[in-house]
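Engineer: So for the sequence shown, the numbering used here puts the first residue at 11; every next one is plus one.
I should point out that these hints are in silico values taken from the structure, not numbers from a laboratory. C-beta atoms are modelled at their ideal positions from N, C-alpha and C, and glycine is treated no differently. None of the hints are false.
Label-pair restraints from in silico Cβ distances:
1. L92 with K55: 34 to 44 Å
2. A27 with D90: 53 to 63 Å
3. D98 with A33: 44 to 54 Å
4. A47 with F89: 47 to 57 Å
5. K44 with W70: 20 to 30 Å
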Amino acid sequence: MAPTTTLRDRGRLTFPAEVRRPAHLEAGPVLEFKVEAGRIVMTPKVLVDAGQAWFWSERWQTMEREADADFAGGRAASFDDLDGFLDDLEG
Numbered sequence: 011m012a013p014t015t016t017l018r019d020r021g022r023l024t025f026p027a028e029v030r031r032p033a034h035l036e037a038g039p040v041l042e043f044k045v046e047a048g049r050i051v052m053t054p055k056v057l058v059d060a061g062q063a064w065f066w067s068e069r070w071q072t073m074e075r076e077a078d079a080d081f082a083g084g085r086a087a088s089f090d091d092l093d094g095f096l097d098d099l100e101g
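Kindly produce the complete structure, drawing on both the sequences and the hints.
Structural biologist: Now the structure itself:
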C-alpha cells in the first residue's frame with residue numbers, strides 16, 4: 011500500500027519518509043504544485059539569484075547547447091594568444 015498522510019490545519023502536510031528519501035527531499039526546498047487531471051503534482055524548484063537569472067533563461071540555454079554542439083562538432087577554435095586569434099580572423 012502506498013504511504014499516506016493527513017492534511018492538517020492551515021494546509022500543513024508531513025511527507026512520509028518513504029516518500030522523502032527516494033525523492034531526495036530535505037527541509038527547506040521550494041516546491042511547485044500543479045493540479046493535473048485531478049491529481050496534485052509537486053515539483054522541487056531551485057531558486058536562482060536574480061543576478062544569474064539571465065544564464066538560466068531558455069534563450070541563453072539554447073545558445074549554450076548550440077555552442078556545445080559547435081565545440082563537439084569541431085566548429086570552434088581556441089587560441090593561446092591574441093596574434094593567433096587575429097591570424098585566424100584574417101584567414
